[in-house]
Amino acid sequence: MDQMPGSSADVLPVPASRLAAALSVTTVPAFVTGAWSLGMPVLWVNRAFEELGGVGIEELALLGPNSLLALVEDDPQRTAAQEDLKAGRAMRRIVSTRRSDGRTTWLQVDVTPLPTDHGLPEYWVGVTTDVSEYVDQQAAQLASLEVERRQRADLDLIAQTTDLLGDLEYPFALRDIADLLRSLVPWAGFYVNDDGLLFAEGVDVASPPSGRGRRHTRYVPEDRTHDRLEPALTGDVSEVPEPVVDDVQQLLDGAVDGPVRLSLEGRFDPSSAAGWLRRDLMHRVVAETGAVPREAVVHAVAGRRRVLGLLVTWDGDEPVPESGPAPGLDHVSTVVEVVARRAGTAIDNARLYAREHRLAEALQRAMLPEQADVTGLDVWTYYAPNAEHAQVGGDWYDVLQIADGTVGLVIGDVVGHDVEAAAAMGQLRSVVRAYAYELTTPGTVLDRVDQLVAGMRVPRPASMVYAALQHRTEDDSWGLEYTRAGHLPPLLLRDGGTRLLNGAGGMLVGFGNEPRETGHEVLRRGDVLVFYTDGLIERRDRSLKRGLETLTEMSGRITARDAAGVGEELLSRLADSPEDDVAIVVVRVPDPEADHRVTALSPRSRRWLLPSEPASIGRARHAVLRTSQAWGLAESAAAELVVSELVANGVLHGWGNIALRLFDTGDGLRIEVEDSNPAPPVATDGHPNRLGGFGMQIVERLADWGWRPSASGKLVWAKLRPDLTSGSGPA
Amino acid sequence: MIEIATSSTTTTLVIAGDLDLAERDQFPEIAARVVGLRRQLLVIDMCRVTFMDSTGAAFLISLADAGRKRGGATVLRGADDRDLFVLEVCGALDLFRIDTDHHCEQSDTATGAASVELPQRPRPA
Chain A
1 MDQMPGSSAD VLPVPASRLA AALSVTTVPA FVTGAWSLGM PVLWVNRAFE
51 ELGGVGIEEL ALLGPNSLLA LVEDDPQRTA AQEDLKAGRA MRRIVSTRRS
101 DGRTTWLQVD VTPLPTDHGL PEYWVGVTTD VSEYVDQQAA QLASLEVERR
151 QRADLDLIAQ TTDLLGDLEY PFALRDIADL LRSLVPWAGF YVNDDGLLFA
201 EGVDVASPPS GRGRRHTRYV PEDRTHDRLE PALTGDVSEV PEPVVDDVQQ
251 LLDGAVDGPV RLSLEGRFDP SSAAGWLRRD LMHRVVAETG AVPREAVVHA
301 VAGRRRVLGL LVTWDGDEPV PESGPAPGLD HVSTVVEVVA RRAGTAIDNA
351 RLYAREHRLA EALQRAMLPE QADVTGLDVW TYYAPNAEHA QVGGDWYDVL
401 QIADGTVGLV IGDVVGHDVE AAAAMGQLRS VVRAYAYELT TPGTVLDRVD
451 QLVAGMRVPR PASMVYAALQ HRTEDDSWGL EYTRAGHLPP LLLRDGGTRL
501 LNGAGGMLVG FGNEPRETGH EVLRRGDVLV FYTDGLIERR DRSLKRGLET
551 LTEMSGRITA RDAAGVGEEL LSRLADSPED DVAIVVVRVP DPEADHRVTA
601 LSPRSRRWLL PSEPASIGRA RHAVLRTSQA WGLAESAAAE LVVSELVANG
651 VLHGWGNIAL RLFDTGDGLR IEVEDSNPAP PVATDGHPNR LGGFGMQIVE
701 RLADWGWRPS ASGKLVWAKL RPDLTSGSGP A
Chain B
1 MIEIATSSTT TTLVIAGDLD LAERDQFPEI AARVVGLRRQ LLVIDMCRVT
51 FMDSTGAAFL ISLADAGRKR GGATVLRGAD DRDLFVLEVC GALDLFRIDT
101 DHHCEQSDTA TGAASVELPQ RPRPA
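For the record, the sequence lines run as chains A and B.
Under the working numbering, the first residue of the first sequence carries the number 1, and numbering increases by one thereafter.
Under the working numbering, the first residue of the second sequence carries the number 1, and numbering increases by one thereafter.
Just so you know, these hints were derived from the structure itself, not from any lab.
Just to be clear, a hint being listed does not mean it is correct.
[To be verified] The calculated label-pair distances, taken between Cβ atoms and stated as ranges, are: (1) A:497 - B:88: 51 to 57 Å; (2) A:524 - B:3: 42 to 48 Å; (3) B:3 - A:245: 50 to 56 Å; (4) B:1 - A:288: 50 to 56 Å.
As the structure is a computational prediction, the values presented were derived from the model and not from experiment.
The C-beta atom is built at its ideal place from N, Cα and C for all residues, glycine as well.
Excised from the complex, chain A in its bound form:
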């Protein structure tokens, strides 16, 4: 050591030998090596180094050149560091080594060349520092950062999934969710069980999957190149494997919670859940990823009562380590499970909602009076169930085309507003209809109804009027026969006068102990008949008699020349805040000669109640067209388009019946469409890739529009801009 070239010991106050001794006993592990070209043989190590490495200088010498490398286990920066050594530059690197006690230690190794006068250094001095703690800390930090990032990504994915599930009407909701999952696994897809498994890109909210079905036989394209296992479906029965427990079916049956792993190399009965799924997966995964899968993970998409479908993922067939699934796969499994559960709940909700909705709609439609189109008469009907009650009530009407030139009219009222009243109404209605088509004389019809109802245990008392109109071609008049069962008398409006048709009265339906009478009238051109229920005139603050007087008086002032106008005048004067259900039927005998001559002064507003069905859209357009013509409004082409879009929205997204109202504001037509769904209308329904979201944009281009909550739902209004020029509108 003393001969070490370039030693600067002589300038130090400590002798060189002392310095060497100091180096030996320092607690910093240190060593001296020879030149790079000699393989940097270790020439000297201090005591601390011996303790650290568990080897002395003799053992190191035995290892030969590059002996230091033998001590190193992991050396991420080797190449760069060796470049430095080769060039004679000082070097620092972090290596791991196994200590004498067996622990792994991270060391920072500093190797510095001793100064030399000529060329490359001949001696190197090395110092090592234990940096395990720092390295571990850093690793832990990185790992926790990674975990955090992954958790954020997972949460984000679940949040996006929730968004997608929030709108199951979007036809590709499940496909988009599966696409999201494909950031975690190479392949993911949804299946629903709807009388057998079926790959699903979305949920048909109108008829969501039933979750039932144990035979899975939907067609899967055959691709035998990757699939050597499938026994030919038509072929050898002996090829069909022994029945084994079908894990996938067990999952569908709710017998196991899952997830289950489905071997795609196994043999299954072709129409079993596992067999079908295996076939479909082979086809899809090969087609979409190009790889041939070996095993898939199957999660149940479970609703409240039963499993509705499956969420299948393929993890790329990464080998599962013996020590259980890697932490990375664990979180994938968790996310997939959460997504499957949420999807199950959402589909289940859609299923339950669709069921309720179908039931309610079917009942409501059955209960809502229908108006047949009657030739030769101008008929307008109106029915408003009391807003405080459900959309069903006890009032009803029927307009029946019994034969050519024969029309039957029914109006009736069952006591009460509840479902029982509605059910009783439904029964009565059918009975009356049945007899009306068989018999013509109203008294006889009602006699039969009485007989039948008395034995039917209809739980509520009911009143009604039945009238039959017979056309007489010789003078274009209509013969009217009617009978009343405890119901308010119809009104006959003629030449500005009003008459109550209060003949042929009798007891409530089912209480006819005596034969029913039949009243007779003859209707001339321009005559108007008004049938109504007590909701039109009944108010808490006045007697029925007063109400009837008011009705008669009001009717005398009606000037409208069309049935819709007559109805409108009645409603606007009498029933603006009805306390009960209201049903009205207005029948007018058209007067082809006079109707064109006289301009009616009736209010310029009209209303219709339409059942929630696509055919109502066309009816609404006709109503607008006719009204626009009657009022002499020009922009009917635009009005038709606006009303079509608004009513279509009501049919598609609204609940219950649709009320249509038209007003002539003097500054353009105002259209109001009301339904029972309180949710606001959607302008651009949020899915740029979904067609059909343009309805409200069309409305927006043609009209000022808005909406407000109404008593029973929402009301969307649109006021057509009167100044539509050719550039901005279709008119």
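Once you have looked at the hints, place chain B on chain A.
Leaving out everything else, chain B in the frame of chain A:
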């Protein structure tokens, strides 16, 4: 009512009546048949269309879009101003070649606004 006619290069779709939500049930089948014919040119004859709203427009757009994806073209013939307006609001005019030279054979097939008689639809009183 929608009729499909085809030649070696062209599929012709003749539409009559209203094209709205009430007709939607038949759209998928017709779209599938038109796509299945795989002709380069699709001609949509709108001369006898009495009314079209955004639902009907969406149907035409889906046809034109499917054609465009195969490199084909869609010609719209006999569409009135209101139909074109609806397609324009849907941002889909570019998908169609509008045949402006075509003259519809029947004279009473003008816009739905002018036609009082609408076939096929039950007429409410």
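**Prompt:** Using the C-beta atoms of residue 524 (chain A) and residue 3 (chain B), is the stated range 42 to 48 Å upheld?
**Reply:** 47 Å, holds
Task: Assessment of proposed distance window 51 to 57 Å (beta carbons of residue 497 (chain A), residue 88 (chain B)) - done: 54 Å, holds
| task | With 50 to 56 Å as the target window, see if residue 1 (chain B) and residue 288 (chain A) comply at their CB atoms. | result | 40 Å, violated
Exercise for review: Could you check the hint for me, namely that residue 3 (chain B) and residue 245 (chain A) are 50 to 56 Å apart, CB to CB?
Suggested key: Between residue 3 (chain B) and residue 245 (chain A), where Cβ atoms are some 55 Å apart, the hint holds.
Taken one by one, the earlier hints fail for this structure only at number 4.
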